[in-house]
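Protein chains: 2
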Amino acid sequence: MSAVLPRALTIAGSDSGGGAGIQADLKTFTELDTFGMSVIVALTAQNTLGVHGVHEVPPEFVTAQLDAVAGDIGVDAAKTGMLASAALIDVVADGVARHGIARLVVDPVCASKHGDALVRPDAIDALKRRILPLAEVATPNLGEVAALTGVQVRGADDLPAAAEAVLALGPRWVLVKGGHLPDVVDAVDLLTDGSTTVEVRGERSAAAHTHGTGCTLAAAIAAHRALGLDVVDAVRAAKEYVTGAIRHGLALGGGIGPVDHGWRRHSP
Amino acid sequence: MSAVLPRALTIAGSDSGGGAGIQADLKTFTELDTFGMSVIVALTAQNTLGVHGVHEVPPEFVTAQLDAVAGDIGVDAAKTGMLASAALIDVVADGVARHGIARLVVDPVCASKHGDALVRPDAIDALKRRILPLAEVATPNLGEVAALTGVQVRGADDLPAAAEAVLALGPRWVLVKGGHLPDVVDAVDLLTDGSTTVEVRGERSAAAHTHGTGCTLAAAIAAHRALGLDVVDAVRAAKEYVTGAIRHGLALGGGIGPVDHGWRRHSP
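Protein sequences appear in the order of chains H and U.
Heads up, the first sequence is in numbering that gives the first Met the number 0, so the first residue is 0 and it goes up one at a time.
Heads up, the second sequence is in numbering that gives the first Met the number 0, so the first residue is 0 and it goes up one at a time.
Heads up, a few of these hints could be off.
Stated by the list, open to error - One side only, chain U facing chain H, incomplete, derived with CB under 8 angstroms:
no., residue
1, Gly17
2, Thr29
3, Gly52
4, Ala67
5, Gly253
Stated by the list, open to error - A short list of chain H residues far from chain U (calculated; beta carbon distances all over 12 angstroms):
no., residue
6, Asp156
7, Asp192
8, Glu198
These are computed hints drawn from the structure, not numbers from a lab.
We put the beta carbon where it would ideally sit given N, CA and C, even for glycine.
Chain H extracted, bound-state conformation:
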């Protein structure tokens, strides 16, 4: 009675509060019927109020985790999240290349929803040089587009130029997340590989409890790639999943509560 599931890996930070980071990724992988694994790059002491401490994992131990997982169990698709420092990014990039992980979703995390810096200054350059060229899909928000490319997006009309600037850094596809734009009714994201361009719309939500949104979207794209969907369909399916998770956000803690990864079962 043994069976296998598609194998999905997160390479990211840990959020003790369970709403973001590898916790959000593992919950997403589980809900989307994939087998979740994790390479932890840094630990945060975190809750709905913010990030209260960061413990970086030694780079050689990140390599040990990645080799253990990829060398034995195997990886159908992976995502990266908070990678903390240039030294950590180097070993992650080396490992992804060494194990030939082709379906790689890169969420170029720079800061938490509260504005707490989650990576060192040297990490921005390392993300550009080492990780984005390995990405099948990069998923920057507007702040990350600005940090990575200098392009400031002020309205939906600026999204194509932003996407082009990110594509120039090497990912095969980019999903620019326009969710924070002030002038749009729906949450519009732009997905493009330079030839095919798709607008991905989700209901814009006034939800208060959105912690983990970015992690969950990237993890859901990776899960759907592990399940065999093509990039456009995987992004559409992931957007639908995260939109529901935001709509059913959980009023936990005193700050920004987490999205509900189990919303399809709790509130179908």
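Assemble the complex: chain H is given as a structure, and chain U must be docked to it using the hints.
Just chain U, lined up with the frame of chain H:
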């Protein structure tokens, strides 16, 4: 449209391979409709073949994670797993007591399924002195009973004495897991608080892929306690869940594959 879920916390080690440790616990919490959080005490580089490295988290960072979670989000029930060292056990015990976490399931992990030591020698004494007196339910297997009490269980007749010896260390309930006994047809576990005693039977399985069984059982007890079941019902429900997860174990990797946490959805 905000809602809350019961809050379940794991305090344990991380298994990069996703089958055991906080990964198994978070998957279990998710499948059982609770909100999962984690305090990571140690990282392992691990796969289905064994444990290839351990990175212990600094004790003060374990405290930081526990305070962040318990002080903001709150904890309806918790479980402990691999606690690695006496110094780590001390800060976990201090934090559990400080935050008044009453529904605590203690899986007194000493070694992995492959026999790799997962705690330092000084941890056994610290488990006895600091953690077991805080436990609502302790879930030792026969090897852990021997390590904690010196009692050797050679057949089902020895289970009551083993349970009594563990109860003397302070937990309110003990579940002695007899699954490795050679002379029984079913997997019989003995649950007792010294006055009420219940045999908990699960179909004994020849399944090859059992990685994460102990973590999953303890996490499922904690989840059902968070959901409001009493101890006896929580243990029965958890045993049923883990028995199914073992029966549907996943043939992943070259060694002992993980149980399937999503078996009720995959193979109901």
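Structure-based check of each hint:
1. Gly17: 4 angstroms, holds
2. Thr29: With a minimum Cβ separation of about 5 angstroms from chain H (threshold 8 angstroms), the hint on threonine 29 of chain U holds.
3. Gly52: The hint holds - glycine 52 of chain U has a Cβ within 8 angstroms of chain H, the shortest such distance being about 5 angstroms.
4. Ala67: 4 angstroms, holds
5. Gly253: Where the cut-off is 8 angstroms and the nearest Cβ of chain H is about 6 angstroms from glycine 253 of chain U, the hint holds.
6. Asp156: For aspartate 156 of chain H, whose nearest Cβ neighbour in chain U is about 32 angstroms away, the distance exceeds 12 angstroms, so it holds.
7. Asp192: Aspartate 192 of chain H is indeed farther than 12 angstroms from all Cβ atoms of chain U, at 30 angstroms.
8. Glu198: Per Cβ check, glutamate 198 of chain H is outside 12 angstroms of chain U; nearest 25 angstroms; holds.
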